[in-house]
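Undergrad: If you want the building blocks of each chain, they are given just below.
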Amino acid sequence: MPVLTILYACLFYAAAAVLAAGLAWKIAEYARAPAPLKIPTTPAPATQAGVVGRMAREVVLFESLFRANKWIWLFGWVFHVALLLVLVRHLRYFTDPVWGVVAIAQPFGIYAGLAMLAGLAGLWARRFLVERIRYISTYSDHLMLALLAAIAATGLAMKYVAHTDIVSVKAFMLGLMAFDWQPLPADPVLLVHLALVALLMAVFPASKLLHAPGVFFSPTRNQADDSRERRHVTA
Amino acid sequence: MAAATVQAPPLREYPVIPILAPDAMAGSKPYPATEKMNEALGFPGKLVDGWQEKAVLKIGELVAKNRGLRVFLDACVHCGACTDKCHYFLGTGDPKNMPVARQDLFRKVYRRYFTLSGKLVPKLVGAEDLTESVLEDWTKYFNQCSECRRCSVYCPYGIDTAEITMAAKEVMDSIGVGQKYTNEIIGKVHKIGNNLGLPGPALKNTLETLEEEVKEETGLDVRFPLDEKGAEVLVVVPSADFFAEPHVFSLVGYAKVFHAAGIRWTLSSHASEAANFGVFIGSQDQMKAIAGRVREASLELGVRRIVVGECGHAWRVAYSFWNTLIGPFDYLDARYPVPQHICELTYDLIQRGAIAFDREKNDAHVVTFHDSCNVARASGMGGIPRGQFIIPRAVIRAAANRFHDMAPETINEHTFCCGGGGGLLTDELLDLRVKGALPRMEALQKVVDEHGVNFMATICAICKAQFAKVLPYYKFDMGMIGGVHQLVSNAIRLGRND
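Residue numbers (the working numbering), protein chains in the order written: chain A, 3 to 237; chain B, 269 to 766.
Derived from the structure by calculation, the hints contain no laboratory data. One thing to keep in mind: the hints can contain errors.
Cross-link-like lysine to aspartate or glutamate pairs, in silico, DMTMM-like; alpha carbons within 25 Å at most [stated by the list, open to error]:
1. B:K629 to B:D717
2. A:K28 to B:E396
3. A:K172 to A:D182
4. B:K333 to B:D352
5. B:K376 to A:E133
6. B:K333 to A:E31
7. B:K376 to B:E281
8. B:K297 to B:D695
9. B:K472 to B:E404
10. B:K333 to B:D397
11. B:K387 to A:E133
12. B:K743 to B:D673
13. A:K72 to B:E321
14. A:K72 to B:E677
15. B:K629 to B:E718
16. B:K333 to B:E396
17. B:K408 to B:E396
18. B:K376 to A:E231
19. B:K556 to A:E231
20. B:K456 to B:E568
21. B:K408 to A:E133
22. A:K72 to B:D352
23. B:K448 to B:D291
24. B:K326 to A:E133
25. A:K161 to A:E231
26. B:K387 to B:E480
27. B:K391 to A:E133
28. B:K326 to B:D553
29. A:K28 to B:D717
30. B:K322 to A:E31
31. B:K297 to B:E281
32. A:K172 to A:D98
33. A:K28 to B:E329
Looking at chain A on its own, in the form it has when it is part of the complex:
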């Protein structure tokens, strides 16, 4: 077994463990902390079903962001939807046989890769061009964009510039999941791509990427406007 394969196998196990444990820890923290008072941002739905609808619009359409700023919404929404499609496309490396929906998503996934990069470029440009956003940007904001852009760029490079042996990559991934390691091609672009993905997984629970689970726990969005009808008490 090549050293490289062992190294990357360990890297991915470690990254997956950090991601899973870190997220579970943070989610448990959010779930455990009480919400002492009713603070939905009103107008808010009066029922739980309404709250589910509000949250769905927030998560799927970025409703509040749309009302706030059309440019950020455009770049942000395009990036996230594209990322979702790209992830779906990548499921082909983890499933055998490949699921029907994943097969259908394949051509869209490629365009999504480009759209993802475009969305990131737009968001990043704002960090330089808009004075207010330049002021609030930290190094980590830039690095996070750089990380995502580099992942997208190396992925696209393997599609359009230097093909890698994707059959072996798939064997490696399936092997990882079955604890039956298969050799990983020593292709530099692929190695960079995978290392960056592992890095992203590892920093996820310790970074602003916590907005993903966080939004579901946000009391201004997930509480119903029923404070007079239902007495809200936390232990």
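Based on the hints, put chain B in the right spot on chain A.
TA: Chain B alone, transformed into the frame defined by chain A:
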């Protein structure tokens, strides 16, 4: 200490987002509370020894007991959606008045002491030690937030800067850095029963004088009862309603509504204050103690209903928090919402035809309505969707013929704060208050120009006091501001129940 000059920015026809003016408001800071004021609320009198450690411990305590705070501190991605939403930023250009930047004053400390990345690589993630200069920034910029929640409407994760401002104030109070205006007033409520420190006998006199004045005006015995056992409705109003103008005109309006509808009501000298400044300093204990007086009074007087007067943050506390803090209200009449807003009550009577108006009596007024932030974004009315926007407007339209809304992006949930909310309604912050009113003043100017609006109705005592003070800085007549029930008072038909 206080800003030396008060400068109103020019009104623009097409408002644009300001260019950043770093430290433009670095001189704006409220007076600190005295030792006595802090101690009266159970806070340390002055800055405690080892304040850094104690403040950090307090932050840990707060994030552990408040899910919202924890999520808000973790979830921000610095997208910038909120950066142009705060009226104080729009009026001052000071970048620390951008909601995200204000939050970051707190978040950077949280990151430094409570997150892995902040502990390991503080510079990278913008984490910072809690130093004296950070605390100094807190005393300035968390007193430049009116907790109006406008930014939370637009945040993709619903991050509410008000919650972070409240947390910062809790931390500051816990180490002996209290704000004079709020802490002094809370002390008065505990001691005397209301924000203005108006004792029972003075209250009684005031109400008797009002009865005489209304008798002179109408020839009718419209009553202003105080501490009347057996009344059906306890009315809790902001204490400014007792004598400040234009507030008192609305109190007269409430009295006329009860008179016309034949409902027996009473005020209480024990709970002579609807306002609850406990919310401004984020203290649930204070909120509960202040609200507790209302429960006590309602039990003591044996009323069946509780109605709240025109006061924005009071309505938030009453509508959203009372049930949690001082409920359950199973001893009250279940056929009415508890608590009920005076606008809900009046609206209900209008719907049922129990009261009627001579609208033309308000024809001298071309009216617009300023949605108060706590009513708009932190409460509801009438149990109907968007009731908090519909009902006050419906009451105005029932009482007045001429009504024009301001631009849609400045009303309803998008409304701009008056500039004086959140415990900032104090003279040493006047420059900030004037500048913070800019977005509202620009929207007002538009309807003044287009429709000849000469009366801005609102249902908040702070809004009324704030506008009465700042309108002249923008060349408006201070008499333009008034209450919804002031219009009701002008036009309601009386004489049915005397």
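Undergrad: Are the hints correct? Go through all of them and say.
TA: Going through the hints against the structure:
Straight-line distance between C-alpha atoms of K629 of chain B and D717 of chain B comes to about 23 Å, which keeps the hinted pair within the 25 Å bound. Between K28 of chain A and E396 of chain B the CA atoms are separated by roughly 22 Å; this keeps the pair inside 25 Å, and the hint holds. Our distance criterion of 25 Å between C-alpha atoms is met by K172 of chain A and D182 of chain A, whose separation comes to about 13 Å. Restraint check for K333 of chain B and D352 of chain B: the C-alpha separation of about 31 Å exceeds 25 Å, so the hint is violated.
Annotation: proposed proximity of K376 of chain B to E133 of chain A holds, straight-line Cα distance about 21 Å (limit 25 Å). Taking the CA atoms of K333 of chain B and E31 of chain A, the gap is about 10 Å. The hint holds against a cut of 25 Å. Annotation: proposed proximity of K376 of chain B to E281 of chain B is violated, straight-line Cα distance about 38 Å (limit 25 Å). The hinted pair formed by K297 of chain B and D695 of chain B meets the criterion: a straight-line CA distance of about 11 Å does not exceed 25 Å.
Between K472 of chain B and E404 of chain B, the direct Cα distance comes to roughly 44 Å. Violation of the 25 Å bound is thereby established for this hinted pair. Distance hint between K333 of chain B and D397 of chain B is fulfilled; the C-alpha atoms sit about 23 Å from each other, no more than 25 Å. Taking the CA atoms of K387 of chain B and E133 of chain A, the gap is about 29 Å. The hint is violated against a cut of 25 Å. The straight-line distance between the Cα atoms of K743 of chain B and D673 of chain B is roughly 21 Å, inside the 25 Å bound, and the hint therefore holds.
Annotation: proposed proximity of K72 of chain A to E321 of chain B is violated, straight-line Cα distance about 43 Å (limit 25 Å). Distance restraint check for K72 of chain A and E677 of chain B: the Cα-Cα separation of roughly 15 Å lies within the 25 Å cut-off, and the hinted pair is therefore satisfied. Taking the CA atoms of K629 of chain B and E718 of chain B, the gap is about 23 Å. The hint holds against a cut of 25 Å. For a cut-off of 25 Å, the pair hint linking K333 of chain B to E396 of chain B stands: about 23 Å separates their Cα positions.
Taking the CA atoms of K408 of chain B and E396 of chain B, the gap is about 18 Å. The hint holds against a cut of 25 Å. Simply put, K376 of chain B and E231 of chain A have alpha-carbon atoms about 38 Å apart, too far for the 25 Å limit, and the pair is violated. Distance restraint check for K556 of chain B and E231 of chain A: the Cα-Cα separation of roughly 19 Å lies within the 25 Å cut-off, and the hinted pair is therefore satisfied. Distance hint between K456 of chain B and E568 of chain B is fulfilled; the C-alpha atoms sit about 21 Å from each other, no more than 25 Å.
At roughly 23 Å between alpha-carbon atoms, K408 of chain B and E133 of chain A fall within 25 Å of each other, so this suggested pair holds. Annotation: proposed proximity of K72 of chain A to D352 of chain B holds, straight-line Cα distance about 13 Å (limit 25 Å). Note on K448 of chain B and D291 of chain B: the hinted pairing holds, with a Cα-Cα distance of about 23 Å set against a maximum of 25 Å. Simply put, K326 of chain B and E133 of chain A have alpha-carbon atoms about 34 Å apart, too far for the 25 Å limit, and the pair is violated.
Our distance criterion of 25 Å between C-alpha atoms is broken by K161 of chain A and E231 of chain A, whose separation comes to about 57 Å. Between K387 of chain B and E480 of chain B the CA atoms are separated by roughly 68 Å; this puts the pair beyond 25 Å, and the hint is violated. For the given pair, K391 of chain B sits about 21 Å from E133 of chain A by alpha-carbon distance, which is consistent with the 25 Å threshold. Between K326 of chain B and D553 of chain B the alpha-carbon distance is near 15 Å, which keeps this suggested pair within the 25 Å criterion.
Note on K28 of chain A and D717 of chain B: the hinted pairing is violated, with a Cα-Cα distance of about 53 Å set against a maximum of 25 Å. A threshold of 25 Å between alpha carbons decides the hint, and for K322 of chain B with E31 of chain A the separation of about 22 Å falls inside it, so the pair holds. At roughly 31 Å between alpha-carbon atoms, K297 of chain B and E281 of chain B are farther apart than 25 Å, so this suggested pair is violated. Restraint check: the Cα-Cα separation between K172 of chain A and D98 of chain A comes to about 9 Å, which is no more than 25 Å; the hinted pair holds.
For the hint linking K28 of chain A to E329 of chain B, the alpha-carbon distance of about 17 Å falls within 25 Å, and the restraint holds.
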